[in-house]
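Now for the letters of each chain:
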Amino acid sequence: MAIPLSYIARNLWTRRLTTALTAGGLALVVFVFATVLMLDAGLKQTMVTTGEYDNVVAIRKGADTEIQSGITRVQAAVIESHPSVALGTDARRLASKETVVLISLRKLGTAKPSNVVIRGISPHGLELRPQVKIAGGRRFASGSSEIIVGSSIAKGFEGTRIGSTLRFAQRDWTVVGIFDAGRSGFDSEIWGDADQLMQAFRRIVYSSVIVRLADGSDFERFRADVDADPRLTNELKREQIFYGDQSRALSTFINILGLTLTAVFSIGATIGAMITMYASVANRVAEIGTLRALGFRRGNVLAAFLIESLLLGLVGGVIGLALASLMQFASFSTTNFQTFAELAFRFTLTPGIAAATLAFSMAMGLLGGFLPAAGAARMNIVDSLRAA
Amino acid sequence: MSAPRVETRVEPRVEPRAEPRAEPLVEIHNLAKSYVRGEQIVPVLSDITLDIQEGDFTALMGPSGSGKTTLLNLVAGIDKPDCGTLRVGGLDITTLTESQLADWRASNVGFIFQFYNLMPVLTAYENVELPLMLTGLGRSERRERVEMTLSVVGLADRMKHYPNELSGGQQQRVAIARAVITDPRLIVADEPTGDLDRSSAADILAMMQRLNTELGKTIIMVTHDGQSARAAKAIIHLEKGEIIGNVEPASA
Ligand SMILES: Nc1ncnc2c1ncn2[C@@H]1O[C@H](COP(=O)(O)OP(=O)(O)OP(=O)(O)O)[C@@H](O)[C@H]1O
Ligand SMILES: [Mg+2]
Chain A
2 MAIPLSYIAR
12 NLWTRRLTTA
22 LTAGGLALVV
32 FVFATVLMLD
42 AGLKQTMVTT
52 GEYDNVVAIR
62 KGADTEIQSG
72 ITRVQAAVIE
82 SHPSVALGTD
92 ARRLASKETV
102 VLISLRKLGT
112 AKPSNVVIRG
122 ISPHGLELRP
132 QVKIAGGRRF
142 ASGSSEIIVG
152 SSIAKGFEGT
162 RIGSTLRFAQ
172 RDWTVVGIFD
182 AGRSGFDSEI
192 WGDADQLMQA
202 FRRIVYSSVI
212 VRLADGSDFE
222 RFRADVDADP
232 RLTNELKREQ
242 IFYGDQSRAL
252 STFINILGLT
262 LTAVFSIGAT
272 IGAMITMYAS
282 VANRVAEIGT
292 LRALGFRRGN
302 VLAAFLIESL
312 LLGLVGGVIG
322 LALASLMQFA
332 SFSTTNFQTF
342 AELAFRFTLT
352 PGIAAATLAF
362 SMAMGLLGGF
372 LPAAGAARMN
382 IVDSLRAA
Chain B
153 MSAPRVETRV
163 EPRVEPRAEP
173 RAEPLVEIHN
183 LAKSYVRGEQ
193 IVPVLSDITL
203 DIQEGDFTAL
213 MGPSGSGKTT
223 LLNLVAGIDK
233 PDCGTLRVGG
243 LDITTLTESQ
253 LADWRASNVG
263 FIFQFYNLMP
273 VLTAYENVEL
283 PLMLTGLGRS
293 ERRERVEMTL
303 SVVGLADRMK
313 HYPNELSGGQ
323 QQRVAIARAV
333 ITDPRLIVAD
343 EPTGDLDRSS
353 AADILAMMQR
363 LNTELGKTII
373 MVTHDGQSAR
383 AAKAIIHLEK
393 GEIIGNVEPA
403 SA
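Residue numbers (my numbering), protein chains in the order written: chain A, 2 to 389; chain B, 153 to 404.
Excised from the complex, chain A in its bound form (with noise of 0.2 angstroms):
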């Protein structure tokens, strides 16, 4: 590059206060854009780690959720039994057969009622999910009246404290440990025997059967088989697959909303960008005219602008970035309206995001600096001279 770097990043340094104002304009778009991003990164995070790879949720076919779902014990049972289905140390088949039932909780510090998951499991239940971990208390002990709390119900709601009862279904049910699920989406549920709560909601069907395959690449046979028999009504996925598409909906809505605002205030932030690197071309015309008049070529004095531009985005990009990872520390929830279910998850900034952040940081510097740059590149150098 001909025209030095110094000149270009002392020019922004000169004109700090609108360097400043306007690399803030940037930053707050940056930021809302990185902050939607990460939402939607930390919900797939979220939802990813729900699943586990080799494990197969069998629900009923054309439900989209469990809650929707029904499952007999005769189907279930046709399920649990079929060859690909792995089988646990106890020489028994690594499945879990699940209710999952809403019910409505105080959120704490709010009078505002909240859905919560309360998911009936099998004993195998956990061992099929090894990233739930038990974090405070004890399993919940099967045929008992114990339920234990994910570690978002229990930061976030009354009454979930170990030793607590919560009432439901007309039953007492008392809280005997809290566990830990990885940050996944099982964190914002409860968990009880299957039998106790089909018994309490009275109900006569599973929503779900959770198996674990014994071998991962049996999958497809798995499925074809399940999709032949004629007693069986239900649709197998792949565990991850399955929870992935439960948040597409959240997904798509974290990001149009988003993307929307973004591109929305962009464009006041590349307006921003372009006035100040008018100004800054405007305050330098006799500067223009003599570096032409060295020898600086037309394209010199372009690339010095783009590069300021970009650099006037690149400062906007840090910024926006930096106030977003702060959002990392924050934690987020809302209604998963695919299983009307409260959510939490994390702001997740992934060096992805980093890079594309920047990047669309300094797209906006770019062609906010466009029209200036290439006003300067064509002055004439007797009239730029002749401003002084």
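Hint data in this document are derived by calculation from the structure and do not stem from the laboratory.
Accuracy of the hints is not assured; some may be wrong.
Claimed, not checked - Label-pair distances were calculated between CB atoms; the ranges are: (1) A:360 to B:312: 34 to 40 angstroms; (2) A:21 to B:287: 35 to 41 angstroms; (3) B:290 to A:287: 26 to 32 angstroms; (4) B:193 to A:260: 54 to 60 angstroms; (5) A:21 to B:181: 51 to 57 angstroms; (6) B:299 to A:14: 21 to 27 angstroms; (7) A:360 to B:290: 29 to 35 angstroms; (8) B:366 to A:272: 53 to 59 angstroms; (9) A:21 to B:290: 32 to 38 angstroms; (10) A:360 to B:242: 48 to 54 angstroms; (11) B:290 to A:14: 33 to 39 angstroms.
To be verified - Anything over 10 angstroms on all C-beta distances counts as not near chain B; from chain A, calculated: (12) 25; (13) 184; (14) 296; (15) 299.
To be verified - A few chain A residues that face chain B, going by a derived Cβ cut-off under 8 angstroms, partial list only: (16) 3; (17) 6; (18) 288.
C-beta: ideal position from N, C-alpha, C; glycine also.
We have chain A already, so just place chain B with the ligands on it with the hints.
Below, chain B with the ligands without anything else, positioned relative to chain A:
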């Protein structure tokens, strides 16, 4: 119309040439330039014919608006004539493309301006180094040359200073260093002392005389001031876009 002040010993040496000499550095023949202002065409220079020899120090004088700056700009290759011949160092610079002309200026012309035209965000050192960024010189070679040139203009101790930390005379000395750093054959100066007090102006003129006599630089200097013009070896008077006389100045 006021008569030019220094009109005593008129010795036109434009043409015909008295004796065959080496090819002049600057050859101007029937050069004309006009500007378009709205609907109007404003003639600025008409039928200029002039030779400047290698090693000359020529002062261009004349009333305001007479076309001095315009003529200087044409010779320096930052403006284009309407018609006529303009050869510098044997090269017809009117035929060059814009980027060829830029490269030509970078290696053949040094500029000195009335208001110094230094980059305010660059130090004296960096300002002088700037034209070298267009050459293939490495960092250490550039340093050597910049330090040497700045000490020649007496600013070795001000290298890290920014223009606003220097006096006008010091700034103009930085500009002179910048003008000679690429070792151009031709130096053009548009009222280089116009913004300076008497003693700084004298310093600058003395320095330009040294560039001319010691380094053999060909200098064309526009000036309003007869006193300054005496630093030159020859004076050309312009009036209304025409050369009205070549004058050898009384010795400075
Ligand atoms: N770019 C331009 N557009 C229109 N007119 C111009 C332009 N440049 C110069 N002129 C006109 O050309 C004439 C000569 O200008 P020039 O700058 O060469 O004069 P000058 O002799 O240098 O005057 P001064 O001593 O005031 O600097 C003036 O009438 C000026 O208004
Ligand atoms: Mg002038």
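Consistency of the hints with the structure:
{"no.": "1", "hint": "A:360 to B:312: 34 to 40 angstroms", "in the structure": "holds (37 angstroms)"}
{"no.": "2", "hint": "A:21 to B:287: 35 to 41 angstroms", "in the structure": "holds (36 angstroms)"}
{"no.": "3", "hint": "B:290 to A:287: 26 to 32 angstroms", "in the structure": "holds (30 angstroms)"}
{"no.": "4", "hint": "B:193 to A:260: 54 to 60 angstroms", "in the structure": "holds (55 angstroms)"}
{"no.": "5", "hint": "A:21 to B:181: 51 to 57 angstroms", "in the structure": "holds (56 angstroms)"}
{"no.": "6", "hint": "B:299 to A:14: 21 to 27 angstroms", "in the structure": "holds (26 angstroms)"}
{"no.": "7", "hint": "A:360 to B:290: 29 to 35 angstroms", "in the structure": "holds (33 angstroms)"}
{"no.": "8", "hint": "B:366 to A:272: 53 to 59 angstroms", "in the structure": "holds (55 angstroms)"}
{"no.": "9", "hint": "A:21 to B:290: 32 to 38 angstroms", "in the structure": "holds (36 angstroms)"}
{"no.": "10", "hint": "A:360 to B:242: 48 to 54 angstroms", "in the structure": "holds (51 angstroms)"}
{"no.": "11", "hint": "B:290 to A:14: 33 to 39 angstroms", "in the structure": "violated (27 angstroms)"}
{"no.": "12", "hint": "25", "in the structure": "holds (22 angstroms)"}
{"no.": "13", "hint": "184", "in the structure": "holds (49 angstroms)"}
{"no.": "14", "hint": "296", "in the structure": "violated (3 angstroms)"}
{"no.": "15", "hint": "299", "in the structure": "violated (7 angstroms)"}
{"no.": "16", "hint": "3", "in the structure": "holds (5 angstroms)"}
{"no.": "17", "hint": "6", "in the structure": "violated (11 angstroms)"}
{"no.": "18", "hint": "288", "in the structure": "holds (6 angstroms)"}
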